[in-house]
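Colleague: My request is simple: use the sequences and hints to build the entire structure.
Take 0 as the starting number for the sequence shown in numbering that gives the first Met the number 0 and just add one per residue.
Treat the hints as calculated values from the structure; they're not laboratory data. As the structure is a prediction and not an experimental result, all values here were calculated from the model. One thing to keep in mind: the hints can contain errors.
Said to hold, decoys possible - DEER-style ranges, computed between Cβ atoms: (1) P60 with E162: 16 to 22 Å; (2) Q170 with A289: 38 to 44 Å; (3) L158 with S191: 17 to 23 Å; (4) S23 with A251: 49 to 55 Å.
Cβ coordinates follow ideal geometry from the N, Cα and C atoms, glycine included.
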Amino acid sequence: MDTLGGLLDAPRARGAFALRAVMSSPWCLRDIAKSPLTLIAGVKGRLWLVPDEGDALQVGPGDIAIIRRPMHYNLSDAPNSNPQMIIHPGQRCCDLEGNSLHDVMMHGVRTWGNDAQGSTLFLVGAYEHLSDISDRLLRALPPVISLTHEEWESPLVGLLCDEVIKDEPGQAAVLDRLLDLLVTAVLKAWFSQQDTTRPEWWRYQGDRIVERALKIMHDNPAHPWTLESLAAESGASRASLSRRFQELVGEAPMTFLKNWRMALAADLLCHSDETVGTVAEKVGYSTPYAFSAAFKRVRGISPNDHRKAVNLPS
Numbered sequence: 000m001d002t003l004g005g006l007l008d009a010p011r012a013r014g015a016f017a018l019r020a021v022m023s024s025p026w027c028l029r030d031i032a033k034s035p036l037t038l039i040a041g042v043k044g045r046l047w048l049v050p051d052e053g054d055a056l057q058v059g060p061g062d063i064a065i066i067r068r069p070m071h072y073n074l075s076d077a078p079n080s081n082p083q084m085i086i087h088p089g090q091r092c093c094d095l096e097g098n099s100l101h102d103v104m105m106h107g108v109r110t111w112g113n114d115a116q117g118s119t120l121f122l123v124g125a126y127e128h129l130s131d132i133s134d135r136l137l138r139a140l141p142p143v144i145s146l147t148h149e150e151w152e153s154p155l156v157g158l159l160c161d162e163v164i165k166d167e168p169g170q171a172a173v174l175d176r177l178l179d180l181l182v183t184a185v186l187k188a189w190f191s192q193q194d195t196t197r198p199e200w201w202r203y204q205g206d207r208i209v210e211r212a213l214k215i216m217h218d219n220p221a222h223p224w225t226l227e228s229l230a231a232e233s234g235a236s237r238a239s240l241s242r243r244f245q246e247l248v249g250e251a252p253m254t255f256l257k258n259w260r261m262a263l264a265a266d267l268l269c270h271s272d273e274t275v276g277t278v279a280e281k282v283g284y285s286t287p288y289a290f291s292a293a294f295k296r297v298r299g300i301s302p303n304d305h306r307k308a309v310n311l312p313s
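Modeller: Right, here's the structure in full:
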């Protein structure tokens with residue numbers, strides 16, 4: 000797996016929030032839901048994304064934006080509109096006094112807004128679980144990224160727009176996978192842009208030694224790598240690999256390996272057919288105890304608590 004592929008092989012939605020929003024002016028909603036990653040795709044009309052930090056962004060048909068936590072922002076018909084409603088954690092929508100607007104704003108299956116026939120239509124997809132997005136991917140992204148319809152083209156927005164209003168068995172799983180595909184396609188297009196918005200870690204692309212070390216760790220995370228063996232496989236001395244890796248990736252090779260293993264483990268723990276023991280083996284730990292201790296040091300919770308958080312048995 001190439002390094003960009005390893006980074007983008009991260010979105011794994013499980014019960015993601017997805018809806019079709021239809022609005023008529025005047026309108027403005029404030030989002031403080033703190034979802035790990037939220038996608039806004041313009042379908043009809045125009046809306047404004049106004050982050051608490053940074054410039055306001057207009058989103059028109061075919062345009063797309065991705066916002067990562069912990070950014071708060073407004074979505075509105077104009078950049079200076081005042082909020083009329085607030086989206087709280089759990090995607091709970093209330094007026095400014097805290098009264099629920101769920102019944103007022105829902106118009107059938109996953110269609111939401113202040114006017115079912117509104118002139119502005121956009122899609123919202125939000126990952127609700129932090130474990131569905133790797134820490135490394137989130138760290139690589141700025142608070143807001145965007146692409147205009149001139150900068151990218153994909154049939155996935157239209158497909159998601161069609162599927163989001165269906166009420167059929169297994170539809171939630173279909174929407175999860177479509178959201179994963181759409182987010183991955185957007186990030187791939189954004190990362191490929193030749194401009195100054197690229198994250199710093201992109202500079203390691205083209206460095207043969209660092210690329211080789213990253214590929215080795217991506218392809219075989221369970222191997223008992225040491226700095227010496229990584230350097231030998233990468234064709235460099237220990238000192239050279241450490242220096243170049245730190246400069247280009249921003250952390251030491253063994254720190255990267257530890258974090259990469261824990262990111263993989265967090266994803267594997269979300270699968271009902273995996274146990275703490277099998278996950279430990281797949282990410283290079285000799286015992287479940289050693290793995291559990293390392294996981295808690297890096298992620299702040301135990302593997303079993305992580306599984307409970309995604310409603311899986313320990």
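Colleague: Okay, which hints does this one fail, numbers in order?
Modeller: Hints that this structure does not satisfy do not exist here, as all of them hold.
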